[in-house]
Amino acid sequence: MGILSSSASITQYHVEGKLQEPILETVAKGLKKQAVKEIDNETSDEEIGWSCFNDPFSIDFDRSPFLIGTYLVFSMRIDKKSIPSKIIQKHYTLEIKKKLENSGREFLSKTEKKEIKDHVIHILNLRIPATPNVYDLIWKYEANTLWFFSNLKGANEELETLFTKSFNLKLIRLFPYTMAALTSTLSDMEKDAISQLTPTRLTE
Amino acid sequence: MIDVSVAYNRYKFIGNEFLTWLWFTIDTNQHFFSTMDETITSLYVGNRIVLENSINDASEIITIKGDDAGLEEGLLSLRKGAVVIEMNLSYKTENQEWKFTLKGESLSFSSLKIPETGPVETKDDIEGIMLEKAYLYEKAVDVINLLFNAFLKIRSTVVWNEKTVPKIKKWVQA
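Protein chains in written order, with this note's numbering: chain A, 4 to 207; chain B, 9 to 182.
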């Protein structure tokens, strides 16, 4: 569910810090540095990186501009390979059987079994394509705010890590307390009062 | 500022109280919204409201959903000490409508439906539509940020305990 979807989810962020000038070049550098890599036919089981807005299978940020109006717009893609446990079990059992037959032994050690399992997962990862998940974002640089188009905990955590790695800026998720502390128009005294609050009982 | 993950849990009651206050204001003082932003013609509780009653170390979740659902059960839950933890809202200006769900603990938006924008027919349309959508998303986000700010102003002063809470208690018991 992204920017162009008929129904969206938005998590608001406050961006702490400023980029090195010229800003657009710095953003482009950060995006290219952490652009998503293809892991199909690779042994990795997960890849997280940036891709172009509305063309999530492209990382050509020069051809698909990330500056739209005054907004910086791009996507985070999480590619994940999930091998069903029953498939792992099947290939693991077959490999164990083969090894026992070839060696003429009756048992395998714990280490050997683990090596076989790792090898099976490694081989299966090469054969199984990754499932991509795409999450759009809009970064309003001048306002130090960013909207991430997902409320999923895992995706938000990955965004926070990837963003800092790419741009060397901190993303602070906005929720009641951080909104009061960072983006409200409260005075310092009012902010102090908020931090001292305890829940109100609204019944007699 | 205290650690963000500690603050999230410790102060999530502020978001829940905000939603409860919002429901009270929707029910008793629609005029308040146009005084905050004159483009708001109405703000209503939509098709879903979730309440939580955590009194006596037990947590009870009450969900009311449906387009024409009555909210009496919700008020009854408030009477028993519950607070609103999630609420679907319908926000209207003169000729446009936004619908979305807010969670008290995070104030994040979900199921956000903005007024219809033009269709994407060619690749060249995308940037224009994106800008139009961003503008419409911003309207909903700004309204909630504005109202939350207004709530914080009340909540951080004596006005909350001396004026607002008695009024909410009266509304809950009515």
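Hints are not guaranteed to be accurate.
Unchecked claim - DSSO-like mimics (lysine-lysine), calculated; alpha carbons at most 27 Å apart, straight line: (1) A:143 - B:131; (2) B:147 - A:194; (3) B:100 - A:21; (4) B:147 - A:156; (5) B:73 - A:143; (6) A:117 - B:107; (7) B:147 - A:173; (8) A:32 - B:100; (9) A:156 - B:100; (10) B:20 - A:156; (11) B:121 - A:40; (12) A:156 - B:107.
To be verified - Just a sample of chain B residues kept apart from chain A, beta carbon distances all over 12 Å, derived: (13) 18; (14) 25; (15) 42; (16) 47; (17) 52; (18) 72; (19) 74; (20) 75; (21) 77; (22) 79; (23) 81; (24) 102; (25) 116; (26) 146; (27) 158; (28) 180.
Stated by the list, open to error - Label pairs and their in silico Cβ distance ranges: (29) A:131 - B:165: 56 to 62 Å; (30) A:132 - B:150: 40 to 46 Å; (31) B:11 - A:108: 36 to 42 Å; (32) A:85 - B:38: 46 to 52 Å; (33) B:169 - A:132: 58 to 64 Å; (34) B:131 - A:193: 44 to 50 Å; (35) A:41 - B:130: 24 to 30 Å; (36) B:131 - A:85: 30 to 36 Å; (37) A:45 - B:18: 38 to 44 Å; (38) B:11 - A:193: 34 to 40 Å.
If you're looking for bench data, these hints aren't it; they were derived computationally from the structure.
Even glycine gets a Cβ: it sits at the ideal position worked out from N, Cα and C.
Hint by hint, here is what the structure shows:
As the CA atoms of residue 143 of chain A and residue 131 of chain B are separated by approximately 23 Å, the hinted pair is consistent with the 27 Å bound. At most 27 Å may separate the alpha-carbon atoms for a hinted pair to count; residue 147 of chain B and residue 194 of chain A meet this at roughly 25 Å. A hinted pair counts as satisfied when its Cα atoms are at most 27 Å apart, and residue 100 of chain B with residue 21 of chain A does not qualify at roughly 36 Å. Between residue 147 of chain B and residue 156 of chain A the CA atoms are separated by roughly 25 Å; this keeps the pair inside 27 Å, and the hint holds.
A C-alpha spacing of about 35 Å is found between residue 73 of chain B and residue 143 of chain A, which places the hinted pair above 27 Å, so the restraint is violated. At most 27 Å may separate the alpha-carbon atoms for a hinted pair to count; residue 117 of chain A and residue 107 of chain B exceed this at roughly 52 Å. Among the hinted pairs, residue 147 of chain B with residue 173 of chain A is consistent with the structure: their alpha-carbon atoms are about 26 Å apart, no more than 27 Å. Between residue 32 of chain A and residue 100 of chain B, the direct Cα distance comes to roughly 41 Å. Violation of the 27 Å bound is thereby established for this hinted pair.
Proposed proximity of residue 156 of chain A and residue 100 of chain B is contradicted: the alpha carbons are some 30 Å apart, above 27 Å. Between residue 20 of chain B and residue 156 of chain A the alpha-carbon distance is near 16 Å, which keeps this suggested pair within the 27 Å criterion. Proximity of residue 121 of chain B to residue 40 of chain A is assessed by CA-CA distance (about 33 Å); at most 27 Å being required, the pair is judged violated. Between residue 156 of chain A and residue 107 of chain B, the direct Cα distance comes to roughly 23 Å. Compliance with the 27 Å bound is thereby established for this hinted pair.
For residue 18 of chain B, the requirement that its beta carbon stay farther than 12 Å from each beta carbon of chain A is not met, with the minimum near 7 Å. Remark: the non-interface label on residue 25 of chain B conflicts with the geometry, its nearest Cβ contact in chain A lying 6 Å away (cut-off 12 Å). No beta-carbon of chain A comes within 12 Å of the beta-carbon of residue 42 of chain B; the shortest separation is about 20 Å. The claim that residue 47 of chain B lies off the interface holds: its Cβ sits roughly 19 Å from the closest Cβ of chain A, which is beyond the 12 Å cut-off.
Taking the minimum C-beta to C-beta distance to chain A, about 19 Å, the non-interface status of residue 52 of chain B holds against the 12 Å cut. Residue placement check: residue 72 of chain B keeps its beta carbon more than 12 Å from all beta carbons of chain A (closest about 18 Å). At the 12 Å boundary, the C-beta of residue 74 of chain B stays outside the reach of chain A, the nearest C-beta of that chain being 18 Å off. Chain A leaves residue 75 of chain B outside its interface by the beta-carbon criterion, the shortest separation being 16 Å against a cut-off of 12 Å.
Every Cβ of chain A is farther than 12 Å from the Cβ of residue 77 of chain B; the closest lies at roughly 20 Å, confirming the non-interface assignment. Residue placement check: residue 79 of chain B keeps its beta carbon more than 12 Å from all beta carbons of chain A (closest about 15 Å). Once the 12 Å rule is applied to beta carbons, residue 81 of chain B is consistent with being away from chain A; the minimum gap is 16 Å. Annotated as non-interface, residue 102 of chain B keeps its C-beta farther than 12 Å from every C-beta of chain A; the closest such distance is 23 Å.
With a minimum CB-CB distance of about 5 Å to chain A, residue 116 of chain B fails to clear the 12 Å threshold, and the non-interface call is violated. Non-interface call for residue 146 of chain B relative to chain A: violated, since the shortest CB-CB distance, roughly 9 Å, does not exceed 12 Å. For residue 158 of chain B, the shortest C-beta to C-beta distance to chain A comes to about 10 Å, within the 12 Å cut-off, and the non-interface label is violated. Non-interface call for residue 180 of chain B relative to chain A: violated, since the shortest CB-CB distance, roughly 6 Å, does not exceed 12 Å.
The supplied range of 56 to 62 Å is met by residue 131 of chain A and residue 165 of chain B, whose beta-carbon atoms lie about 59 Å from each other. For residue 132 of chain A and residue 150 of chain B, the Cβ-Cβ distance of about 41 Å falls inside the hinted range of 40 to 46 Å, so the restraint holds. A hinted range of 36 to 42 Å is violated for the C-beta pair residue 11 of chain B and residue 108 of chain A, which are about 54 Å apart. Judged by the Cβ atoms, the range 46 to 52 Å given for residue 85 of chain A and residue 38 of chain B holds: they are separated by roughly 49 Å.
Separated by about 59 Å at the C-beta atoms, residue 169 of chain B and residue 132 of chain A satisfy the suggested range of 58 to 64 Å. The hinted window of 44 to 50 Å between residue 131 of chain B and residue 193 of chain A holds, with their beta carbons roughly 48 Å apart. A hinted range of 24 to 30 Å for the beta carbons of residue 41 of chain A and residue 130 of chain B is consistent with their spacing of about 28 Å. In this structure the hint that residue 131 of chain B and residue 85 of chain A lie 30 to 36 Å apart at CB holds, the actual value being about 32 Å.
Against the hinted window of 38 to 44 Å, the Cβ-Cβ separation of residue 45 of chain A and residue 18 of chain B comes to about 43 Å, which satisfies the hint. Restraint check, residue 11 of chain B to residue 193 of chain A: a C-beta distance of roughly 21 Å breaks the suggested window 34 to 40 Å.
Checked against the numbered hints above, the structure violates hints 3, 5, 6, 8, 9, 11, 13, 14, 25, 26, 27, 28, 31 and 38; every other hint is satisfied.
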